[in-house]
Amino acid sequence: MILLACFDRFALTSTRAIMRKFTKPKAALKIISGATLFGLLISIHLPIFETVKNNRCSTFGTYGIFFGIYMTCVFGLILPILTISFAFLILKNLKEVRGRVHPIAGSTNASQNVLSRRDINLIKLVLAEVVIGMVFTSIAPVDLLYAALTISFSTIVHGSHFRGGTITWRPLNNTPSGSTVAVQVRERFSWNRATYYCDDTTIAAQGIIGSGYLVQGVSGSYAPWTNMNTAIACTDYSVALTVSSGEHFETQTFPLNIAFSIGFVSSAWFANLAVGGNGGWSVICHINTALRPDGYINSSPIAVTLPIIYKQITITQVHVIQMSDFDGTDTLRCRWSTSSSNLNNYDECSGVCMGIPLYINLIQTNCTLVFSLAVAGQYAAAALQIEDYYSSSSTTPMSSVPLQFLFYGYAAPTGSCTTPPAIIGNRPNRACIGTPIGSNVTEYIIVQVYCPGHAITDLVSSAPTGMKKSAIINSSPNVYEIILSWIPISTQYGPQSFCAGAVDTIALQSNQWCITFLVGFESPDIIRPSLVQGSASPIGTVFQNQTLFSIQTTKSVNRPTLNNTFIYFTDATANNTLVQKFDCGWDPNVIYTGFTTIVRFPVAPWIPGHFYYVTFDSGVASGTEFCGPESAPIYDPTYWVFNIWDPAVSSTTTTTTTPPTTHTVTSLHTTTTSINTACTTSGIVVTTTTAITTTTTITTTIATTAAPTTAAATTASASTATAVPVMYPEDFINAYKQPITVVTVAIMSTMAVIQSLVMYAAFTKFSNMFNPLKKKALQRHTQRMRSINRR
1 MILLACFDRF
11 ALTSTRAIMR
21 KFTKPKAALK
31 IISGATLFGL
41 LISIHLPIFE
51 TVKNNRCSTF
61 GTYGIFFGIY
71 MTCVFGLILP
81 ILTISFAFLI
91 LKNLKEVRGR
101 VHPIAGSTNA
111 SQNVLSRRDI
121 NLIKLVLAEV
131 VIGMVFTSIA
141 PVDLLYAALT
151 ISFSTIVHGS
161 HFRGGTITWR
171 PLNNTPSGST
181 VAVQVRERFS
191 WNRATYYCDD
201 TTIAAQGIIG
211 SGYLVQGVSG
221 SYAPWTNMNT
231 AIACTDYSVA
241 LTVSSGEHFE
251 TQTFPLNIAF
261 SIGFVSSAWF
271 ANLAVGGNGG
281 WSVICHINTA
291 LRPDGYINSS
301 PIAVTLPIIY
311 KQITITQVHV
321 IQMSDFDGTD
331 TLRCRWSTSS
341 SNLNNYDECS
351 GVCMGIPLYI
361 NLIQTNCTLV
371 FSLAVAGQYA
381 AAALQIEDYY
391 SSSSTTPMSS
401 VPLQFLFYGY
411 AAPTGSCTTP
421 PAIIGNRPNR
431 ACIGTPIGSN
441 VTEYIIVQVY
451 CPGHAITDLV
461 SSAPTGMKKS
471 AIINSSPNVY
481 EIILSWIPIS
491 TQYGPQSFCA
501 GAVDTIALQS
511 NQWCITFLVG
521 FESPDIIRPS
531 LVQGSASPIG
541 TVFQNQTLFS
551 IQTTKSVNRP
561 TLNNTFIYFT
571 DATANNTLVQ
581 KFDCGWDPNV
591 IYTGFTTIVR
601 FPVAPWIPGH
611 FYYVTFDSGV
621 ASGTEFCGPE
631 SAPIYDPTYW
641 VFNIWDPAVS
651 STTTTTTTPP
661 TTHTVTSLHT
671 TTTSINTACT
681 TSGIVVTTTT
691 AITTTTTITT
701 TIATTAAPTT
711 AAATTASAST
721 ATAVPVMYPE
731 DFINAYKQPI
741 TVVTVAIMST
751 MAVIQSLVMY
761 AAFTKFSNMF
771 NPLKKKALQR
781 HTQRMRSINR
791 R
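Just so we're aligned: the sequence shown equals residues 1 to 791 in my numbering.
Certain hints may be false.
Within a straight-line C-alpha distance of at most 20 Å, the following computed DMTMM-like cross-link-like pairs (lysine to aspartate or glutamate) qualify [as the list claims (entries may be wrong)]:
| # | residue 1 | residue 2 |
| --- | --- | --- |
| 1 | 581 | 571 |
| 2 | 469 | 199 |
| 3 | 469 | 443 |
| 4 | 555 | 525 |
| 5 | 311 | 443 |
| 6 | 555 | 625 |
| 7 | 775 | 200 |
| 8 | 469 | 96 |
Label pairs and their in silico Cβ distance ranges [what the hints assert, rightly or not]:
| # | residue 1 | residue 2 | range |
| --- | --- | --- | --- |
| 9 | 359 | 413 | 22 to 32 Å |
| 10 | 341 | 475 | 49 to 59 Å |
| 11 | 506 | 475 | 19 to 29 Å |
| 12 | 547 | 637 | 15 to 25 Å |
| 13 | 541 | 577 | 13 to 23 Å |
| 14 | 637 | 452 | 31 to 41 Å |
| 15 | 78 | 760 | 18 to 28 Å |
| 16 | 580 | 179 | 22 to 32 Å |
| 17 | 624 | 361 | 28 to 38 Å |
| 18 | 442 | 69 | 50 to 60 Å |
| 19 | 624 | 485 | 20 to 30 Å |
| 20 | 554 | 608 | 33 to 43 Å |
| 21 | 365 | 438 | 33 to 43 Å |
Hints in this document: simulated from the structure, not taken from any laboratory.
It should be emphasised that the depicted structure is a prediction, and the values quoted were computed from it without experimental measurement.
Glycine included, every Cβ here is placed at the ideal spot set by N, Cα and C.
Model the full structure from these sequences, guided by the hints.
So, in structure tokens, the structure goes:
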């Protein structure tokens, strides 16, 4: 309409009669109607291709770029150029008109000065319209084009560097209080390091990496959810794998008894994928604040793995994903992410569903992947959902969290030695470590290299925020160390997992090694034996037929969840010969009762006169919370020592000993655990348990007492939570989308008619005000009336 106004003023000032005809009301009405119809026709594509994405109605993708270019060309270039052109043409016409009009020198007749006043008014009006038109028609299309290009460019640049991630959540207090609950949501993503650079300086400064997109509600009653930015603080990087990773925590408050899903949905994965190259990604998490059958608020499971894992092609590979849950009694299962018919009611994997073409099996109960890779130098994306069930018989999960990561296939090395390195300690794989808030945590990663001439060059890891990793230290031949240091804070309460993989000189990667830090809890400590009021029995000199040993801990303990967790009995006299070891993960001769751990020898193996000592692996004693925080390893040969009485020496030497006393120890409702042949050394324990009552007669010189325990009847009762229908603003929006659309179309149609009428009236008024013919006619009429009045 501004362009038509400029054309009208150009026609008014034109010296050609044919151009001045366009200023007549009938011609103006036809021009306005035609321009309105033309504008509607060339904009018909907008309601067709405009869509809603991430709760925002706009133009996206290729059409977004087209629409931005279209708006920029039409409103940012064509209209301003035409407007300016007409402005210059008006000035040119005014100059020609001024050249034809020559006022009489010294005349003071007002009619001779009308042209000058009209020129000034026209110039002011035209300049004002041009300036306003330039401002309001140039900024908007440029902004649209910028938005379209940046979104698409970020999809090409940022999206193509996505390396997977996870989203988890937990209530800050799982005991319900009031009608709402504060929930901490954790997001962790990995990206190409070439795009989002991260190093030790970035980690120390908690520098931000990530795409800047949003985690948004995608299904269910997600109105209370506030979009969370995916920009994260960098915690890890790997030079060899070219990957940067980080995480971010955020606390939000939700009503009780609602369920909804949130997700990070965008595009695209990079091209070099076995399945889904250049496709979109979808990382979806299900949050449920309904009360569990035990009356508490649920916490989601947690799964952790490295972002990129190297595997040799054409051979069967096994990869175990560490799963855990703050609700220690829950049953955890993992499954492939699906595009439909799932708990989230949303596409969980987008372009990488079933991203490992040659997968053989997925064992859901312990999340073990059995698969193979076919092409060297190619990636395969694994998209999984980890879900928790109240019991093994439950069929509906309480929550679902995503885990997406990459496998990279490489051909078999051709060198003389192709054995990959291995992480051998100090802690076993999948260990659980109690970590009080604010404590100084120091752990050691020890890596063994098996090929001569190879060295550890990089460590790819997935660490909690604030954890520092030392440089790689070559502590001894073929052995390397990395020191972890960390001070956990209160917002990190609960399980915080750490995973690592060592990379050697020829880019061979060790198997994944993961441990869990249980922040806010303490690991049990094995109390050092002492001669007075000792915590261990027996100590000092004992008889050769001694078969029962016990030691106490600082807190109540359970059997560890990992196999290959040993208690060692070693003969110091016979050059530190191992006499016997007991696997605490399954051996029925190791009994846990309260604060006491008892070891029972079927046959006494002792040699008179020999000295012995006892040592413990990490996790021999495990706490009762969550994953069972484990006791620290004890390998000190002086920690618990005893010797066997030698009668031959006693017959020639006068000694005084305390007469042995006989005690009867009754173990009520303890358990014997038999090993299941399905159990493997990976730490996945399958056991059968039977309650027994035994009476054992013990002869010893020191009585052992266990901390008192009280058995009481426990009654389990199921509670049901009645779903309360809650209507949120989002529900109103969804209910009234169609009526609002109809009303909007009606209003826009009405406004188009009104705008046409108003513009017609305005142009008619301007035509009457500035039409030189009418001005001259008015002047002639005024002069005629003056002449008549003078008569």
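Inset, instruction - Please test the hint of 15 to 25 Å on the beta carbon pair from residue 547 and residue 637. - result: This hint holds: roughly 22 Å between Cβ atoms.
Inset, instruction - Starting from the range 50 to 60 Å, see whether the pair residue 442 and residue 69 falls in it by beta-carbon distance. - result: 58 Å, holds
Legend entry - Given hint residue 625 paired with residue 555 - CA-CA distance at most 20 Å: 11 Å, holds
Inset, instruction - Mind checking the hinted window 33 to 43 Å against the Cβ distance between residue 554 and residue 608? - result: For residue 554 and residue 608 the Cβ distance comes to about 35 Å; the hint holds.
Legend entry - Restraint check for residue 555 with residue 525, where alpha carbons must lie at most 20 Å apart: Holds - the C-alpha atoms of residue 525 and residue 555 are around 8 Å apart, at most 20 Å.
Legend entry - Restraint status (C-alpha distance of residue 469 to residue 96 at most 20 Å): 82 Å, violated
Legend entry - Restraint check for residue 775 with residue 200, where alpha carbons must lie at most 20 Å apart: With a Cα-Cα distance of about 80 Å, the restraint between residue 775 and residue 200 is violated, given a limit of 20 Å.
Legend entry - 31 to 41 Å as the expected CB spacing between residue 452 and residue 637, which holds or is violated: 32 Å, holds
Inset, instruction - Take the C-beta atom of residue 624 and the C-beta atom of residue 361, compute their distance, and say whether it sits inside 28 to 38 Å. - result: Hint holds: Cβ distance 33 Å, inside 28 to 38 Å.
Inset, instruction - With 33 to 43 Å as the target window, see if residue 365 and residue 438 comply at their CB atoms. - result: This hint holds: roughly 36 Å between Cβ atoms.
Inset, instruction - For residue 580 and residue 179, compare the CB-CB distance with the range 22 to 32 Å and indicate the outcome. - result: Given range 22 to 32 Å: violated, Cβ gap about 59 Å.
Legend entry - Range agreement (Cβ of residue 577 with Cβ of residue 541, hint 13 to 23 Å): Hint holds: Cβ distance 20 Å, inside 13 to 23 Å.
The structure does not agree with the numbered hints 5, 7, 8, 16 stated previously, though it agrees with the rest.
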